[in-house]
Amino acid sequence: MTRKNINKYISTLIFYVVGGLTAAILLIPFFWMIVTSLKTKGALLSIPVEWIPKNPSLAAYEKIFKLEGFSKAIFNSFYLAITTTIVQILSASMAAYAFSKIRFKGNEALFRVYLATMMIPFQVVFIPLFIISSSLRLTNSLNAFLLLQLFNPFAIFMLRQKMMGINDSFIEAAIIDGANHFHIFTKVILPLSSGVIATLGIMSFMGSWNDYLLPLVMISDKKKFTLPLILNSLNGQYGSDYNLLMAGSLISIIPILIVFMFAQKYFRSGLQVGGVKA
Amino acid sequence: MKKSKILQFVAIVLCILMVFTACNGKTTPATDGSGTSAPKQDDSASKPQKITLRFEQFSGSGDTEEYLKKMIEEYNKVNPNVTVELQTIGYNDYFNQLMAKVAGGTAPDVYELNYENFVSYAKKGVLLPLDDIINKTGFDVSKYNSMALNAFKVDNTQYGLPNSFSNVLLFYNKELFDKAGVEYPTNDWDWEDVLEAAKKIRALDEHTFGYYRPVSFHELYKAVKQNGGSLFNEDMTKFTIDTPENRETVQYMVDMVKKYNVMPTEEQLAGMGDWDLFKAGRLGMIVTGVWAFSDFTKNCEFEWDIAVEPGNKSKATHFFSNGYVINRDSKVAETAFEFASFISSSKEAVQIRLDAGWELPPVTDSSILEQYKKITPPSNRQAVFDSLDYLVTPPVIEQFQEFQDIIAKHLTVIVQSNVTVEDALSACQEELEEVIKIN
Amino acid sequence: MQKIARHNSFSKALPFILPSLAGLIVFSLLPIITSLIISTSSWDGLTKLTLFTDAKSFFNNFYIGLKNFRDILKGDEFWKVLKNTLYFIVLYLPLILISSIAVANILNKKYRGIGFFRVLYYVPVLTSWVAGALIWKWALSPEYGIINEILDLIGIEGPKWLQSETWAMPSIVLASIWKDVGYFGLIFLGGLQSIDPTYYEAAEIDGATGWRKVWYITLPMLSPVTFFVIVISIINSFQLFPQVMVMTKDAGPNGATQVFVERIYKYAFKYHKMGYAAAYSWILFVIIFIFTTLQLKLQKRWVHYDT
Numbered sequence: 001m002t003r004k005n006i007n008k009y010i011s012t013l014i015f016y017v018v019g020g021l022t023a024a025i026l027l028i029p030f031f032w033m034i035v036t037s038l039k040t041k042g043a044l045l046s047i048p049v050e051w052i053p054k055n056p057s058l059a060a061y062e063k064i065f066k067l068e069g070f071s072k073a074i075f076n077s078f079y080l081a082i083t084t085t086i087v088q089i090l091s092a093s094m095a096a097y098a099f100s101k102i103r104f105k106g107n108e109a110l111f112r113v114y115l116a117t118m119m120i121p122f123q124v125v126f127i128p129l130f131i132i133s134s135s136l137r138l139t140n141s142l143n144a145f146l147l148l149q150l151f152n153p154f155a156i157f158m159l160r161q162k163m164m165g166i167n168d169s170f171i172e173a174a175i176i177d178g179a180n181h182f183h184i185f186t187k188v189i190l191p192l193s194s195g196v197i198a199t200l201g202i203m204s205f206m207g208s209w210n211d212y213l214l215p216l217v218m219i220s221d222k223k224k225f226t227l228p229l230i231l232n233s234l235n236g237q238y239g240s241d242y243n244l245l246m247a248g249s250l251i252s253i254i255p256i257l258i259v260f261m262f263a264q265k266y267f268r269s270g271l272q273v274g275g276v277k278a
Numbered sequence: 001m002k003k004s005k006i007l008q009f010v011a012i013v014l015c016i017l018m019v020f021t022a023c024n025g026k027t028t029p030a031t032d033g034s035g036t037s038a039p040k041q042d043d044s045a046s047k048p049q050k051i052t053l054r055f056e057q058f059s060g061s062g063d064t065e066e067y068l069k070k071m072i073e074e075y076n077k078v079n080p081n082v083t084v085e086l087q088t089i090g091y092n093d094y095f096n097q098l099m100a101k102v103a104g105g106t107a108p109d110v111y112e113l114n115y116e117n118f119v120s121y122a123k124k125g126v127l128l129p130l131d132d133i134i135n136k137t138g139f140d141v142s143k144y145n146s147m148a149l150n151a152f153k154v155d156n157t158q159y160g161l162p163n164s165f166s167n168v169l170l171f172y173n174k175e176l177f178d179k180a181g182v183e184y185p186t187n188d189w190d191w192e193d194v195l196e197a198a199k200k201i202r203a204l205d206e207h208t209f210g211y212y213r214p215v216s217f218h219e220l221y222k223a224v225k226q227n228g229g230s231l232f233n234e235d236m237t238k239f240t241i242d243t244p245e246n247r248e249t250v251q252y253m254v255d256m257v258k259k260y261n262v263m264p265t266e267e268q269l270a271g272m273g274d275w276d277l278f279k280a281g282r283l284g285m286i287v288t289g290v291w292a293f294s295d296f297t298k299n300c301e302f303e304w305d306i307a308v309e310p311g312n313k314s315k316a317t318h319f320f321s322n323g324y325v326i327n328r329d330s331k332v333a334e335t336a337f338e339f340a341s342f343i344s345s346s347k348e349a350v351q352i353r354l355d356a357g358w359e360l361p362p363v364t365d366s367s368i369l370e371q372y373k374k375i376t377p378p379s380n381r382q383a384v385f386d387s388l389d390y391l392v393t394p395p396v397i398e399q400f401q402e403f404q405d406i407i408a409k410h411l412t413v414i415v416q417s418n419v420t421v422e423d424a425l426s427a428c429q430e431e432l433e434e435v436i437k438i439n
Numbered sequence: 001m002q003k004i005a006r007h008n009s010f011s012k013a014l015p016f017i018l019p020s021l022a023g024l025i026v027f028s029l030l031p032i033i034t035s036l037i038i039s040t041s042s043w044d045g046l047t048k049l050t051l052f053t054d055a056k057s058f059f060n061n062f063y064i065g066l067k068n069f070r071d072i073l074k075g076d077e078f079w080k081v082l083k084n085t086l087y088f089i090v091l092y093l094p095l096i097l098i099s100s101i102a103v104a105n106i107l108n109k110k111y112r113g114i115g116f117f118r119v120l121y122y123v124p125v126l127t128s129w130v131a132g133a134l135i136w137k138w139a140l141s142p143e144y145g146i147i148n149e150i151l152d153l154i155g156i157e158g159p160k161w162l163q164s165e166t167w168a169m170p171s172i173v174l175a176s177i178w179k180d181v182g183y184f185g186l187i188f189l190g191g192l193q194s195i196d197p198t199y200y201e202a203a204e205i206d207g208a209t210g211w212r213k214v215w216y217i218t219l220p221m222l223s224p225v226t227f228f229v230i231v232i233s234i235i236n237s238f239q240l241f242p243q244v245m246v247m248t249k250d251a252g253p254n255g256a257t258q259v260f261v262e263r264i265y266k267y268a269f270k271y272h273k274m275g276y277a278a279a280y281s282w283i284l285f286v287i288i289f290i291f292t293t294l295q296l297k298l299q300k301r302w303v304h305y306d307t
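For the record, the sequence lines run as chains A, B and C.
To convert, note that position 124 of the first sequence is 124 in this note's numbering; the numbers rise steadily by one, no gaps.
To convert, note that position 148 of the second sequence is 148 in this note's numbering; the numbers rise steadily by one, no gaps.
To convert, note that position 155 of the third sequence is 155 in this note's numbering; the numbers rise steadily by one, no gaps.
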């Protein structure tokens, strides 16, 4: 074994130990969610902490699966999360392209306006937003709710940062080849941004999957309820059953984890596509 | 880029949106207004029409929602023409979303309010006054416990019907009392007795505490009355927070924590809830409400019982109530009232509530109440009714929540830092005078 | 940053901006402008909002001019809230930058099973604040908590954390780092992945070693992402909310964790003072706007876009 090999071995070992330990610490609350969800009583933390439930039981999960409209809600949640992710990424990447690669008067100013909308807390626009949406008759429809997702300044900002880093020489080359903006956008810019798009995809999906207060007021037809709306009714006035709450949260985390595992493969691909190197 | 071009562009955007929304409007009819697709039904008594009633509530959550559905079934047996659309929303976000709906004019026909929010809603004029309907239908309101009924009255107008009724008692762990060799609490106990017993239980071991009562507005409001004081002058025009009696009251509450430490500090609680401490068998006495019965019955592995909460110069106990109210703009107000009165006071509904062990029905029907007394534990359920003689009702203040939070804030300061009772109470008085308008 | 010289007009940009712009106008600007009008009123959030249908009656009933703004700026509470928020940012920002860049570097390694690690680090982002807060409250408990126990081992007497006026905010910072590190780590990972490996290869030929590569290649190349993260996390910090609600009862000892959105939430939804809450939000907006504009101005000095 050469010295280089030994060094490599040691650094690999260090990586697994340090990475593993940090991950373990980060995961304690998650582990505790699992433990609590398996308890029969909805007991809170007791001292000493009961890390392993004495009589593990799946009762909490059974109860949640039996909630009225549960499977329909799962379907609705998927429907809304997938469509939202597509709509947001499409609309945001288009806007980001315009802001980063097309020079037009008021570009900077308009972008500032986009950014500024993030600075108003949701709590105060919540009621006006609901009143406007309901006077436009956008309530009680998942597709109408989708319209509200067209504008996501966070995603636009993130993609713009990425696209500004893409060398203009690609685009100039494409223009010489006779490409228009639509071609440049779909053939050059989007493939080069796929890493960021994958990251954003996860965030959009997660945001929509967990979105709660707005759908709660906008959707009143139970057939159109999403998962958080169904789980919400478990919150009681005088404390809640924590095992139910935790089981509910865990069930709602799983799909995002799956999406994450699927999407993270694409993190790297941003570099390999597109004839010229970035 | 010219200005006119921008305007033109905005116009295009709006047009597109309108097309969009117009399409949408067709596919989802009648979700605006009060959400009732039913026609007017003023003469519905003679010929029943199809009526849809939107009903939102929070107190029947999780398991208890099932009982509520049973009540609706019972209601439908008598009124098959009414479709009740029940929506249960968790307590945490119930009021946020309700505000949006009320302000947007899409409030449900019947909805539930807790007492804290009730006064604000009634004073803002968003609730339907019920007196006319009560007179017109000749509905007998004497079915209700008068205390609970009056709680939903503002300026002598009835705005809501109570659906449940809870009061606060002294719960105690019999085993810890036996171990410490202390007699069980009786209805004659006063503050001194509580303190002495608590001290003996606290002496058992390091992790066992004698007593717990939340450091909250409700506790103070009640304790002040127990000591013959009040937070207001008699005609409710001024705050009287900083008085000798009240200082004495607060001092007693604080000493329990700081001086004698029979009640755990926040650090000693270490993130555990007060109920958890009691259920873990580490707490001798806890002041809490009847809504703890089912949880304690399920989760306590020791014997426990209740007594009327001890006072000092006099006794005083708190009561809490949730009620159903009717949207002022409801197009089916009469049906809404009929439904609300049915699920809060009809024999069928009350029986379901009772069988479920779901708080105390707010009615005076003695046969129902007799059944309630027979359920054990606690064996001394009579104490629930004995307490009714000492009920104090919270003040009717429009800024109730804010009032409550200001008091709680100052109380917490006394318990957690070294501010003296005098300083904190005078600061509290000052802030209240500045922020809260009484009447 | 140079933009393409030809084909540069609004009409070319319009098709690309149209969807987001439509959303911006209807679902963002319109409600925001409404909230600005509300901030000059004493509207309670309950009485039916007639601003769109019968504006006159709304103004007759509720208009109070700039009173809300005056009241907020005159009182002590606002300054305390501002101080608490800045305290949070000063602690949180450097910590989150360092820790999430570190996490991104770990996750950028090409070891076997790295995909699994990426998932693990992201789990706190998904964990509910309810569970997170309970564990943190327990971990930070002065008497029974694991953190003080560890500190005890190395001979330090731990503070009272959430029960102490000085340490309550740092406790919130700790929990926030736990929750956010995976999120920003992921964003930084995206940035790391975009760095062209040929730069490193070239540097290695020139004899550059580990830290020099980080300093001269990684950090400058990462600067657009760093800029993004700083802007976003400052905006988020000013809007700090759920962790405060779940971890500290009534905003901590003596209001030590009172922050803007917590106040706004209380005024709007608990105290029914929607006008006051809206005014509070607009003051907050101005503060964030100043901070963000400053950053957009300063970025030219340190952010390198690859052109």
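These are computed hints drawn from the structure, not numbers from a lab.
It is possible that part of the hints are untrue.
What follows is a set of in silico ranges between Cβ atoms, one per label pair, in the way DEER data are often shown [what the hints assert, rightly or not]:
#1 A:I258 to B:V435: 49 to 57 Å
#2 A:S11 to B:S417: 48 to 56 Å
#3 A:E68 to B:L388: 56 to 64 Å
#4 C:A102 to B:S216: 29 to 37 Å
#5 B:K373 to A:L58: 32 to 40 Å
#6 A:F31 to B:T137: 51 to 59 Å
#7 A:Y238 to B:G181: 53 to 61 Å
#8 B:F232 to A:E68: 29 to 37 Å
#9 B:M236 to A:P56: 54 to 62 Å
#10 B:V435 to A:F262: 19 to 27 Å
#11 A:L58 to B:N76: 33 to 41 Å
#12 A:T40 to B:S216: 24 to 32 Å
All values reported here derive from a predicted model rather than from experimental measurement.
Built from N, CA and C at the ideal position, the CB exists for glycine as well.
Inset, instruction - May I ask which of the numbered hints given earlier this structure violates, with the numbers listed in increasing order? - result: Checked against the structure, the hints that fail are numbers 3, 4, 7, 8, 10, while the rest are satisfied.
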